[in-house]
Amino acid sequence: MAKFSKKRGKSSPAISTASLPDIIFMLLFFFMMVTVLRDSDLKLSVNTPEATQLTKLDEKSLVNYIYIGRPTQQYQSVYGTSPRIQLGDKISSVDDIPLFLEQHKVKLPEAKRSRITSSLRVDGEVTMGIVQDVKTKLRKSNQLKINYSAGTRTDELD
Amino acid sequence: MAKTKTRDRMNNEINAGSMADIAFLLLIFFLVTTTIAEDKGILVKLPPWSDEEPDITKLKERNVFSVLVNAQNQLLVRDEPARIGELRERAKEFIMNPANRPDLAEGPKNAIISLKNDRGTDYDTYLAVYNELKGAYDELWDELSERRYGEPYSDEMPFAQRKAIRDEIPMVLSEAEPTNFGEEN
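Same order as they appear, the protein sequences are chains A and B.
Going by the numbering used here, the first sequence opens with residue 1, and the numbers climb by one from there.
Going by the numbering used here, the second sequence opens with residue 1, and the numbers climb by one from there.
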């Protein structure tokens with residue numbers, strides 16, 4: 001026993017921290033990969049409704065977002081209070097949708113273009129009129145895969 | 001020139017001790033800005049647009065489950081007022097018609113759900129109704145899949161099995177052009 005303890009006692013007890021930067025870098029790269037910097041700031045207040053039959057959208061690059069809602073307080077003087085459409089970071093009208101879709105489409109390789117999904121993030125308080133106009137425009141632009149963005153509902157309906 | 005000499009004399013190795021600190025700083029920045037945001041929603045496939053008038057095929061009344069939503073967010077299911085909560089069960093019963101009632105669908109393959117809303121309907125209500133109708137089909141698929149393959153219907157299932165189930169109970173949810181009676185905001 002004495003022999004063992006003697007040997008151990010001789011070695012230096014300090015743990016080498018030389019590999020610490022490598023570990024940190026590894027973590028850093030992980031978070032850099034999964035980070036999506038918010039590219040468009042919302043000018044509309046969008047509070048999506050809740051639902052139960054949800055599907056997850058996995059490939060982010062294949063999704064384009066269309067926001068519909070009322071302008072937030074700071075933009076109400078410019079855009080009014082009635083529901084508007086936001087594409088990217090601009091308040092737009094229904095007629096801008098085909099161009100917006102095309103701009104998203106050209107960035108993707110040909111093979112993936114059929115899998116593009118339009119995610120409609122619509123405020124629950126908005127009436128269907130404007131949503132219907134957007135849907136009609138999407139159909140006319142042959143963008144048929146859409147997703148009504150919604151949160152998860154846990155409570156029962158009445 | 002004398003200056004360079006003094007420099008040469010110094011140990012020219014960069015101190016890597018602060019590397020970890022720099023990495024930490026970056027790490028914390030990305031930790032804070034990261035939003036592993038999940039986008040979930042109800043996936044819908046729209047019918048392609050055609051400028052032609054849809055040709056009106058006469059459907060048997062028993063095969064159509066009509067759901068109307070007006071601008072006051074009230075439901076009219078098969079000409080009777082209804083609540084959203086009971087919609088799912090009614091739709092399921094209509095599609096499968098387990099008791100072979102003469103006023104419900106002849107079979108799941110013949111069943112058509114027709115949804116019509118007003119331009120003044122709240123999106124909230126519309127989505128809740130759509131969710132229930134989709135939920136009815138999802139539940140029926142689950143039940144059939146459970147009976148046949150012993151597992152609930154999911155995207156991980158082999159394509160052939162999924163197709164078999166969807167052929168058995170095809171989802172036919174047709175949306176009519178909305179009416180325009182209510183007030184939009």
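The reader is advised that the hints may include incorrect statements.
Stated by the list, open to error - Among the chain B residues that face chain A by a calculated CB cut under 10 Å, a handful are:
1) P48
2) M157
3) N185
Said to hold, decoys possible - The calculated label-pair distances, taken between Cβ atoms and stated as ranges, are:
4) B:N100 x A:K107: 52 to 60 Å
5) A:L99 x B:F181: 17 to 25 Å
6) B:E38 x A:S93: 16 to 24 Å
7) B:D155 x A:S93: 30 to 38 Å
8) B:Q72 x A:L99: 33 to 41 Å
9) A:K107 x B:S154: 17 to 25 Å
10) B:N180 x A:M26: 28 to 36 Å
11) A:T55 x B:D103: 27 to 35 Å
12) B:P47 x A:L27: 46 to 54 Å
13) A:R153 x B:R162: 36 to 44 Å
14) B:N180 x A:L108: 31 to 39 Å
15) B:N100 x A:S93: 30 to 38 Å
16) A:D96 x B:P47: 38 to 46 Å
If you are wondering where the hints come from, they were derived from the structure by calculation, not from laboratory data.
Where is the CB? At the ideal position from N, CA and C, for every residue including glycine.
Status of the hints after comparison with the structure:
1. P48: 6 Å, holds
2. M157: This hint is violated: M157 (chain B) lies away from chain A, its Cβ roughly 15 Å from the closest one there, beyond 10 Å.
3. N185: 6 Å, holds
4. B:N100 x A:K107: 52 to 60 Å: Given about 54 Å between the Cβ atoms, the range holds.
5. A:L99 x B:F181: 17 to 25 Å: Since L99 (chain A) and F181 (chain B) have Cβ atoms about 33 Å apart, the given range 17 to 25 Å is violated.
6. B:E38 x A:S93: 16 to 24 Å: 30 Å, violated
7. B:D155 x A:S93: 30 to 38 Å: 36 Å, holds
8. B:Q72 x A:L99: 33 to 41 Å: Holds - the Cβ-Cβ distance for Q72 (chain B) and L99 (chain A), about 37 Å, lies within 33 to 41 Å.
9. A:K107 x B:S154: 17 to 25 Å: Given about 31 Å between the Cβ atoms, the range is violated.
10. B:N180 x A:M26: 28 to 36 Å: The hint (28 to 36 Å, Cβ to Cβ) is violated, given that N180 (chain B) and M26 (chain A) are roughly 59 Å apart.
11. A:T55 x B:D103: 27 to 35 Å: 33 Å, holds
12. B:P47 x A:L27: 46 to 54 Å: 47 Å, holds
13. A:R153 x B:R162: 36 to 44 Å: 25 Å, violated
14. B:N180 x A:L108: 31 to 39 Å: 37 Å, holds
15. B:N100 x A:S93: 30 to 38 Å: 52 Å, violated
16. A:D96 x B:P47: 38 to 46 Å: 23 Å, violated
Hint compliance for this structure: hints 2, 5, 6, 9, 10, 13, 15 and 16 are not met, and every other hint is.
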